[in-house]
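Protein chains: 2
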Amino acid sequence: MITGKNQLGNSLSNLGTKSFKTFNPQQNKENEWNFFEANETEIETALKLADRAFETFQKASGASRALFLNTIADEIEALDDVLITTYCAETGLPEGRAKGERGRTMGQLRSFAKLVEEGSWVKASIDTAIPERQPFPKIDIRKMMAPLGTVVVFGASNFPLAYSTAGGDTASAFAAGCPVVVKSHPMHAGTGELVAHAINIAAKKTNMPDGVFSNLNSSGIEVGQKLVNHPLTKAVGFTGSIQGGRALFDMASRRKEPIPVFAEMGSVNPVIILPQALQLKGEAWAKTYAGSITLGTGQFCTNPGLLFAIKHDSLENFTTVLSEELLKIDASCMLHPTIQSNYSKNKSEMMEQDGLSITADLKTNTPPNFAKQAVVKVSGEKFISNTKLHQEVFGPFSMIVSCKDEEELVKAIQSMEGQLTGTIISENGEVDNSSVLVNTLQSKVGRLIFNGVPTGVEVCPSMQHGGPYPASTDSRFTAVGIHAIDRWVRPISFQNWPNHLLPNALMNENPLKIERLINGELTKRAI
Amino acid sequence: MITGKNQLGNSLSNLGTKSFKTFNPQQNKENEWNFFEANETEIETALKLADRAFETFQKASGASRALFLNTIADEIEALDDVLITTYCAETGLPEGRAKGERGRTMGQLRSFAKLVEEGSWVKASIDTAIPERQPFPKIDIRKMMAPLGTVVVFGASNFPLAYSTAGGDTASAFAAGCPVVVKSHPMHAGTGELVAHAINIAAKKTNMPDGVFSNLNSSGIEVGQKLVNHPLTKAVGFTGSIQGGRALFDMASRRKEPIPVFAEMGSVNPVIILPQALQLKGEAWAKTYAGSITLGTGQFCTNPGLLFAIKHDSLENFTTVLSEELLKIDASCMLHPTIQSNYSKNKSEMMEQDGLSITADLKTNTPPNFAKQAVVKVSGEKFISNTKLHQEVFGPFSMIVSCKDEEELVKAIQSMEGQLTGTIISENGEVDNSSVLVNTLQSKVGRLIFNGVPTGVEVCPSMQHGGPYPASTDSRFTAVGIHAIDRWVRPISFQNWPNHLLPNALMNENPLKIERLINGELTKRAI
Numbered sequence: 091m092i093t094g095k096n097q098l099g100n101s102l103s104n105l106g107t108k109s110f111k112t113f114n115p116q117q118n119k120e121n122e123w124n125f126f127e128a129n130e131t132e133i134e135t136a137l138k139l140a141d142r143a144f145e146t147f148q149k150a151s152g153a154s155r156a157l158f159l160n161t162i163a164d165e166i167e168a169l170d171d172v173l174i175t176t177y178c179a180e181t182g183l184p185e186g187r188a189k190g191e192r193g194r195t196m197g198q199l200r201s202f203a204k205l206v207e208e209g210s211w212v213k214a215s216i217d218t219a220i221p222e223r224q225p226f227p228k229i230d231i232r233k234m235m236a237p238l239g240t241v242v243v244f245g246a247s248n249f250p251l252a253y254s255t256a257g258g259d260t261a262s263a264f265a266a267g268c269p270v271v272v273k274s275h276p277m278h279a280g281t282g283e284l285v286a287h288a289i290n291i292a293a294k295k296t297n298m299p300d301g302v303f304s305n306l307n308s309s310g311i312e313v314g315q316k317l318v319n320h321p322l323t324k325a326v327g328f329t330g331s332i333q334g335g336r337a338l339f340d341m342a343s344r345r346k347e348p349i350p351v352f353a354e355m356g357s358v359n360p361v362i363i364l365p366q367a368l369q370l371k372g373e374a375w376a377k378t379y380a381g382s383i384t385l386g387t388g389q390f391c392t393n394p395g396l397l398f399a400i401k402h403d404s405l406e407n408f409t410t411v412l413s414e415e416l417l418k419i420d421a422s423c424m425l426h427p428t429i430q431s432n433y434s435k436n437k438s439e440m441m442e443q444d445g446l447s448i449t450a451d452l453k454t455n456t457p458p459n460f461a462k463q464a465v466v467k468v469s470g471e472k473f474i475s476n477t478k479l480h481q482e483v484f485g486p487f488s489m490i491v492s493c494k495d496e497e498e499l500v501k502a503i504q505s506m507e508g509q510l511t512g513t514i515i516s517e518n519g520e521v522d523n524s525s526v527l528v529n530t531l532q533s534k535v536g537r538l539i540f541n542g543v544p545t546g547v548e549v550c551p552s553m554q555h556g557g558p559y560p561a562s563t564d565s566r567f568t569a570v571g572i573h574a575i576d577r578w579v580r581p582i583s584f585q586n587w588p589n590h591l592l593p594n595a596l597m598n599e600n601p602l603k604i605e606r607l608i609n610g611e612l613t614k615r616a617i
Numbered sequence: 091m092i093t094g095k096n097q098l099g100n101s102l103s104n105l106g107t108k109s110f111k112t113f114n115p116q117q118n119k120e121n122e123w124n125f126f127e128a129n130e131t132e133i134e135t136a137l138k139l140a141d142r143a144f145e146t147f148q149k150a151s152g153a154s155r156a157l158f159l160n161t162i163a164d165e166i167e168a169l170d171d172v173l174i175t176t177y178c179a180e181t182g183l184p185e186g187r188a189k190g191e192r193g194r195t196m197g198q199l200r201s202f203a204k205l206v207e208e209g210s211w212v213k214a215s216i217d218t219a220i221p222e223r224q225p226f227p228k229i230d231i232r233k234m235m236a237p238l239g240t241v242v243v244f245g246a247s248n249f250p251l252a253y254s255t256a257g258g259d260t261a262s263a264f265a266a267g268c269p270v271v272v273k274s275h276p277m278h279a280g281t282g283e284l285v286a287h288a289i290n291i292a293a294k295k296t297n298m299p300d301g302v303f304s305n306l307n308s309s310g311i312e313v314g315q316k317l318v319n320h321p322l323t324k325a326v327g328f329t330g331s332i333q334g335g336r337a338l339f340d341m342a343s344r345r346k347e348p349i350p351v352f353a354e355m356g357s358v359n360p361v362i363i364l365p366q367a368l369q370l371k372g373e374a375w376a377k378t379y380a381g382s383i384t385l386g387t388g389q390f391c392t393n394p395g396l397l398f399a400i401k402h403d404s405l406e407n408f409t410t411v412l413s414e415e416l417l418k419i420d421a422s423c424m425l426h427p428t429i430q431s432n433y434s435k436n437k438s439e440m441m442e443q444d445g446l447s448i449t450a451d452l453k454t455n456t457p458p459n460f461a462k463q464a465v466v467k468v469s470g471e472k473f474i475s476n477t478k479l480h481q482e483v484f485g486p487f488s489m490i491v492s493c494k495d496e497e498e499l500v501k502a503i504q505s506m507e508g509q510l511t512g513t514i515i516s517e518n519g520e521v522d523n524s525s526v527l528v529n530t531l532q533s534k535v536g537r538l539i540f541n542g543v544p545t546g547v548e549v550c551p552s553m554q555h556g557g558p559y560p561a562s563t564d565s566r567f568t569a570v571g572i573h574a575i576d577r578w579v580r581p582i583s584f585q586n587w588p589n590h591l592l593p594n595a596l597m598n599e600n601p602l603k604i605e606r607l608i609n610g611e612l613t614k615r616a617i
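Protein chains in written order, with this note's numbering: chain A, 91 to 617; chain B, 91 to 617.
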């Protein structure tokens with residue numbers, strides 16, 4: 091069933107000479123399939139097909155785009171066991187995770203379907219004419235959101251389904267009316283191909299134009315570079331490392347026509363445990379955090395990599411319990427040997443930093459590609475003066491930062507770069523007296539969490555997944571939830587435009603029955 | 091009354107050694123005032139004050155920010171004649187224009203005041219908890235828009251009031267809760283200082299923090315460069331040339347922490363006159379367009395620089411009438427000798443292009459700094475093959491592009507870069523049969539106009555002022571109308587956050603009585 095070919099609109103293609111295989115980290119061996127890297131002709135074909143598809147796809151009704159999205163979800167479900175098996179063979183992740191992520195992916199597709207079927211997301215705004223206004227008549231003007239054009243989506247290593255081929259970026263781009271060209275992630279090209287095939291079947295079943303979707307294989311960076319630099323590409327979605335995301339952002343910014351890049355990148359997700367919480371519930375939080383740090387082998391962008399507290403006996407106790415609990419958890423497999431070796435390397439480099447003590451570091455023998463979880467501890471002073479300590483170690487690793495007082499804690503938070511999340515653990519209302527600390531944390535993050543863990547990203551309208559740089563390249567948008575659609579659209583105004591030629595969303599009759607801002611009032615009424 | 095000093099929060103300062111004067115183009119002589127260019131210390135002070143002011147300003151209620159904005163409008167009005175006189179002395183524009191622009195500026199300030207006083211603009215979204223949900227409980231999560239931080243605003247040469255010191259960028263940034271540092275435009279530094287003073291009085295009267303606003307003089311590019319590169323700057327607003335806007339965008343993109351730049355840049359605003367309109371109403375449109383081309387000495391970003399039509403006798407007639415009418419209009423003064431000399435140079439260079447015929451070029455003697463309006467004509471074929479012809483000639487200049495058929499016309503539009511506006515002139519419903527043409531035009535512009543002129547930008551919610559690059563650096567935002575506030579804010583989520591610590595907009599009780607998205611339903615109800 092897996093051909094290893096590139097999906098160019100409705101056709102499969104393997105014109106290139108370069109090929110690669112994916113790897114099963116649990117079995118520590120290559121998978122059987124051979125993937126053909128897209129060559130220049132195939133990149134060109136995918137983008138030209140997408141550009142042609144845009145002509146009709148941008149005009150497709152919300153109902154038909156919803157049908158397309160729902161059918162993609164159905165076709166992914168129809169892949170059934172083969173998808174789960176392939177997912178596990180290419181990631182080392184357990185079946186439960188594969189099924190959970192598949193559920194989330196289908197949920198995302200269906201939530202965007204619901205959004206565009208309802209239709210109000212286009213933010214229709216109408217200011218009607220006032221011909222008698224002095225000194226100049228007011229002319230009728232109407233505005234709505236329209237898609238940007240072809241979106242290039244980069245698959246993410248750690249979310250083969252929810253942030254890759256038919257993940258949130260693709261679902262939101264389709265919902266907006268943008269064709270999508272996916273640069274498949276080389277670590278799970280088989281999973282990607284299966285999903286790409288499902289999308290293609292859905293596109294054909296729902297009469298979408300050929301080229302609305304393409305899936306390109308690549309093992310290196312060249313395919314991605316060519317896609318981002320191509321004049322037919324109009325926006326980019328990326329989830330991955332700071333280095334990778336920044337490289338794409340720089341490339342896109344240097345184009346003759348710069349294009350928006352939404353890159354969701356690294357984050358260490360600071361957690362602040364306030365004194366009373368530490369004293370009264372320190373052990374319980376230590377157990378909870380041992381679980382959060384190791385969840386998914388620590389391979390979540392919301393993994394809690396930094397735990398801040400004020401120096402106290404109870405912090406010693408918390409450290410001991412966290413370290414013990416962490417070592418009780420079974421080691422688990424990482425996504426790929428490269429990710430495992432990077433983890434080992436980054437962990438070692440971190441542990442060699444001056445003033446750092448190691449409070450937990452799994453020493454037992456583990457199978458190949460498994461991560462040895464670890465916790466380290468450092469003073470607030472050392473943390474503030476050494477920005478190397480601020481960097482993410484992607485994997486089941488966390489650092490306790492022991493600050494001498496609240497002032498140093500505030501300074502430590504202030505010294506950090508932007509983050510996806512920031513968490514406050516508080517007991518007996520002690521947070522009420524920490525407004526400077528909370529404000530400082532708020533200025534650094536996209537999401538504030540109270541008495542919880544940052545892992546687990548609820549897909550709902552109120553979720554902000556993104557944050558000040560380098561958490562993402564543009565903190566004004568989110569990668570998760572319905573508002574992720576805003577990344578791929580621009581407003582367009584129609585002045586004095588004939589009613590019968592207006593898009594349905596802006597017609598007098600309000601045929602879509604959507605919420606519209608009419609002369610400043612939000613209403614569903616017709617004009 | 092004009093001191094020539096920089097306004098640093100509540101203080102005036104002239105630490106630098108460089109100074110300059112503004113110029114009265116009507117009288118062809120320098121104005122009396124001496125302006126002190128901001129030096130490095132002053133730039134640093136302005137940004138540090140702004141950053142400190144942000145701590146409180148970002149938390150100020152909508153009502154208090156509205157009072158600030160309305161008071162700025164009042165204080166600008168209170169400047170009365172001295173503002174109008176200074177404006178005219180520094181721009182060569184007539185008193186009527188000065189008063190009109192002042193009215194628009196006050197209207198903008200008051201419309202943002204109204205927006206933030208009402209409060210729903212923060213897009214509050216609430217998803218309440220479902221503790222019993224399987225397999226995982228759903229946690230309460232809430233989201234709203236929060237300000238980015240200090241915004242640097244560049245004054246625009248052609249709108250000393252509406253796009254400069256207290257113009258749309260400043261008004262929208264204040265409304266969002268962002269402190270503003272203005273880099274005053276050197277051509278109207280006196281007008282800028284008067285308005286800056288008005289803003290400062292308003293800030294003091296309404297108890298805004300010191301540093302919420304600063305105004306820096308500069309005659310070159312260094313002050314702007316330092317402002318954009320400074321780590322405390324969080325976003326940039328600019329209106330001006332493609333070269334200038336792109337330079338700022340490049341600088342901001344290369345920063346360690348890239349920041350958003352909204353630059354509204356050049357546009358030639360294509361107008362397509364369909365065959366029947368040309369035949370039946372060609373003369374009337376020729377007269378209308380002669381007025382639009384010369385309005386404000388052609389110094390509007392929405393000036394119609396390109397008129398497209400299909401070759402026909404009626405196009406000859408249109409060309410003749412437009413040329414005659416244009417020459418009947420009195421020549422008028424440009425903003426500055428530099429702008430006038432650039433106009434002359436760009437016009438001459440354009441007129442030397444191969445295959446171009448000059449159908450109107452004012453030859454009479456005019457006072458210094460006046461622009462000699464002109465119309466030229468070229469074939470569609472030449473236009474498509476020579477992108478030099480696509481460039482803006484800032485001033486009262488327009489080019490008629492005569493296409494051999496509709497196919498060539500579509501190709502000509504397709505060959506263009508992004509534009510602020512695109513206009514269709516149609517008669518007897520002929521536009522109904524031009525869907526390819528209209529779609530092509532739509533893909534290039536931010537605003538489509540039917541049977542009208544692009545000059546005249548109505549300030550209302552449905553106005554899109556911005557467009558595909560290079561009309562602006564990010565087509566997803568507008569520089570005009572209430573949605574301009576979206577440029578300066580980012581979403582922030584609060585997960586499981588204690589109700590009494592939430593921002594008012596997200597509290598259960600809905601104390602601000604704003605529209606909120608609660609579990610997917612737009613409502614003003616409390617929880």
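FYI, nobody ran anything at the bench for these hints, they're computed from the structure.
Among the hints, a few may not be true.
Any copy will do: because identical chains look the same in the list, a pair fits if it lies in one copy or spans two.
With a straight-line Cα cutoff of 30 angstroms, these simulated BS3-like cross-link-like pairs (lysine-lysine) come out [to be verified]: (1) 501 / 346; (2) 501 / 316; (3) 294 / 453; (4) 189 / 462; (5) 478 / 316; (6) 138 / 294; (7) 418 / 603; (8) 435 / 228; (9) 534 / 138; (10) 603 / 295.
Results of checking the hints against the structure:
1. 501 / 346: Classified as between: cross-chain Cα gap 20 angstroms, same-chain 41 angstroms, threshold 30 angstroms.
2. 501 / 316: between (42 angstroms within a copy, 26 angstroms between copies)
3. 294 / 453: neither (53 angstroms within a copy, 64 angstroms between copies)
4. 189 / 462: Only inside one copy: residue 189 and residue 462 sit 25 angstroms apart there, 71 angstroms across copies, limit 30 angstroms.
5. 478 / 316: For residue 478 and residue 316, only the inter-copy Cα distance (27 angstroms) is at most 30 angstroms; the intra-copy one is 32 angstroms.
6. 138 / 294: within (18 angstroms within a copy, 58 angstroms between copies)
7. 418 / 603: neither (57 angstroms within a copy, 51 angstroms between copies)
8. 435 / 228: neither (66 angstroms within a copy, 37 angstroms between copies)
9. 534 / 138: Result: close only across copies, 18 angstroms inter versus 40 angstroms intra.
10. 603 / 295: Answer is within; shortest intra-copy Cα gap is 27 angstroms, inter-copy 46 angstroms.
Going down the numbered hints, you'll see the structure goes against 3, 7 and 8, while the others check out.
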